[in-house]
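**Q** So you can see what is in the structure, the chains are spelled out below.
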Amino acid sequence: MQFLVDTLLNAAMASAATALVSIGLALIFGVMRIENFAHGELYMVGAYVTWYVTAGLGLNYFAGLAGAVAVTALIGAFMEVALFRRLRSNPVGCLIVTVGVLLVLQTAMVWLFGINSTLLVDTPFPGVLKLGAVNLPWHRLFVIFAAIAVMGALSWLLRGTRFGWAIRAAAQDREAASLQGISIGRIAVYAIMLSAGLAGAAGSLMAPLVRISPFMGQPIIITAFIVVIMGGIGSIEGAIIASVVYSTFYTFVSAYIDSTIAIIAGLCIMLGVLIFMPSGLLGKAEKV
Amino acid sequence: MTFAKALPVTSATLAIALAALIPTVFGDYYTSFCTEIAITVLMLSSYRIIVLTGEWSFAHVVLQGVGAYTAAILAKGYGWPFPLTLPAGALMAATVAAVLSYPLLRMKGFYFLMGSFGAAEAIRLLWRKIPFFGGTRGLSNIRPPYLDLAGIEIDFGDPGNFFYLTLAIVVCCLFLMWRIESARIGRIWRAVNQQDVLAQSVGIDSRSYRRLAFVVAAGFAGVAGVLLAYAFGSITPNRFNLNFALYLMIWSIVGGTRTFYGVVLGGIILLGFDEALRFAEELRPGVYGLLLIGVMLFCPQGLERIFVPLVERLRGPVSSASPDPSVTETQQ
Numbered sequence: 001m002q003f004l005v006d007t008l009l010n011a012a013m014a015s016a017a018t019a020l021v022s023i024g025l026a027l028i029f030g031v032m033r034i035e036n037f038a039h040g041e042l043y044m045v046g047a048y049v050t051w052y053v054t055a056g057l058g059l060n061y062f063a064g065l066a067g068a069v070a071v072t073a074l075i076g077a078f079m080e081v082a083l084f085r086r087l088r089s090n091p092v093g094c095l096i097v098t099v100g101v102l103l104v105l106q107t108a109m110v111w112l113f114g115i116n117s118t119l120l121v122d123t124p125f126p127g128v129l130k131l132g133a134v135n136l137p138w139h140r141l142f143v144i145f146a147a148i149a150v151m152g153a154l155s156w157l158l159r160g161t162r163f164g165w166a167i168r169a170a171a172q173d174r175e176a177a178s179l180q181g182i183s184i185g186r187i188a189v190y191a192i193m194l195s196a197g198l199a200g201a202a203g204s205l206m207a208p209l210v211r212i213s214p215f216m217g218q219p220i221i222i223t224a225f226i227v228v229i230m231g232g233i234g235s236i237e238g239a240i241i242a243s244v245v246y247s248t249f250y251t252f253v254s255a256y257i258d259s260t261i262a263i264i265a266g267l268c269i270m271l272g273v274l275i276f277m278p279s280g281l282l283g284k285a286e287k288v
Numbered sequence: 001m002t003f004a005k006a007l008p009v010t011s012a013t014l015a016i017a018l019a020a021l022i023p024t025v026f027g028d029y030y031t032s033f034c035t036e037i038a039i040t041v042l043m044l045s046s047y048r049i050i051v052l053t054g055e056w057s058f059a060h061v062v063l064q065g066v067g068a069y070t071a072a073i074l075a076k077g078y079g080w081p082f083p084l085t086l087p088a089g090a091l092m093a094a095t096v097a098a099v100l101s102y103p104l105l106r107m108k109g110f111y112f113l114m115g116s117f118g119a120a121e122a123i124r125l126l127w128r129k130i131p132f133f134g135g136t137r138g139l140s141n142i143r144p145p146y147l148d149l150a151g152i153e154i155d156f157g158d159p160g161n162f163f164y165l166t167l168a169i170v171v172c173c174l175f176l177m178w179r180i181e182s183a184r185i186g187r188i189w190r191a192v193n194q195q196d197v198l199a200q201s202v203g204i205d206s207r208s209y210r211r212l213a214f215v216v217a218a219g220f221a222g223v224a225g226v227l228l229a230y231a232f233g234s235i236t237p238n239r240f241n242l243n244f245a246l247y248l249m250i251w252s253i254v255g256g257t258r259t260f261y262g263v264v265l266g267g268i269i270l271l272g273f274d275e276a277l278r279f280a281e282e283l284r285p286g287v288y289g290l291l292l293i294g295v296m297l298f299c300p301q302g303l304e305r306i307f308v309p310l311v312e313r314l315r316g317p318v319s320s321a322s323p324d325p326s327v328t329e330t331q332q
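Protein chains in written order, with my numbering: chain B, 1 to 288; chain A, 1 to 332.
Calculated directly from the structure, the hints in this document are not laboratory data.
Because the structure is a prediction, the values reported are computed rather than measured.
Idealized CB from N, CA, C, for every residue including glycine.
Some chain A residues close to chain B (C-beta under 7 Å, calculated; not the full set): (1) Gly-115; (2) Ala-122; (3) Gly-289.
Each pair of labels, with its calculated beta carbon distance range: (4) A:Leu-176 <-> B:Ile-275: 28 to 36 Å; (5) B:Ala-55 <-> A:Asp-28: 46 to 54 Å; (6) A:Val-25 <-> B:Ala-55: 49 to 57 Å; (7) B:Asn-116 <-> A:Glu-275: 19 to 27 Å; (8) A:Arg-106 <-> B:Pro-124: 43 to 51 Å; (9) A:Tyr-102 <-> B:Gly-58: 55 to 63 Å.
With the hints as constraints, model all of the structure from the sequences given.
**A** Quick look at the structure:
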């Protein structure tokens, strides 16, 4: 019973973290048509910043969360202004530059904190919630609710505000949007800050639960790409649905069978989706 | 023969002659390193065949792995000699590529990139999982070839001898690739990349030609894999991971994919650079990252951008034999 509940909780938590990372990825693709390979590294930077602010500076966990979002959003803005903007006419160039950023961020963290760092972030919610025979760790519940809250806020931002309309308009048709007086350059900066901040938030939320290492971004970016492709590149709803489906499937298969088999099965599902629905599950859905 | 025509032949001969001196000039360590460079150059030039058709693939290193595993299993388990494992590895890699190409080449661009990654990673994880392939530890103790030609015995366990063997095979492969590329099929590959719709409208089935490129490239990658298995004496699934695939991509981009020698030069320069950075193993990826960003921003066609005008000037006025830059420029 406890094992099943643990697995379910882990699945929900993995879904939440994957969704936060992959909606950022879908958002940036929707608006700028860039596949950001460095997105997983922003997640990693988020975790490191949280550690630094809480353990290094001795501040509250929530200050760490805010710091993680701020730092990753700034890195995102820098990427857009210094790199992507200059390579606008060269989509493959953008993709390759994100690989460069990935390597630089990884190396920077190795250089600053070492390869085998044993960094621990204390959770603001220690202890477990006892419900009859099962135990639910508070922080895991917090991650799930925080992710849902962030996604709700994002949905309101995109659908209920002028800023959100501008982003969606830019994603749908860049030229028409700029004819309506929307500054594509400014929207691109905001969109990438939003996207990077989401990855940073996910890294910060997961920091107390996972081993922080310079290479922790790699598995999550691979999962996020699988999810984004399954959901249909650029579709945020698709990314969320695919996150839940894939993470639940993956967690259950790795808990009950084997984690390598879970990855292989996940990759085969992705290939299957690509073969039969080349634009993903919700590929034809409204972009962003 | 005009100077323009003689130049590639002369420079290639000179390069081969210089390369042949390596084992006598350097010690065993650097000779083995040069063997590695030769294998990587083969990998890069075969990768360029896919790039010619306008695609980037993550599966290429795993196809090299298919060649390596085939050779290792046949040599260790069934005692096949080197002259048989070499074509077997190439054939196996090409066959696997042909099978993979059916689902993968339904996609293009980024979807193809991710699809190739998915397929490659699935194969690599299977190697780790199945005991027949040696699991995570891979296969080791692959004996270097030993030749007995009517009394003349050559032991390729000696790094120098193995280097000559590798050099000979790599040069043959490069020559073959150069011939393929300058033949009609090479022009079709470029056409498929640059003007897909136009190419289709004149009756070229672009998907079959992209498939052909994928399979041919895999065959050469298989040869590189066989050489790799013998050069190191052991192979592990981790050797063919995403990082290696990324490096392959980085090397070809930094070198430049427009011309044949751009890739070759890029590979040699960057591997030398790699060796020079050995003292700072942990910082190496970051240096690569910065290099990649710099090249993309300031020299998007790669380092060959610097060499090409030089060679063109040496060649004099553009003859019909030399590639027209406006035609050969691969879309970035």
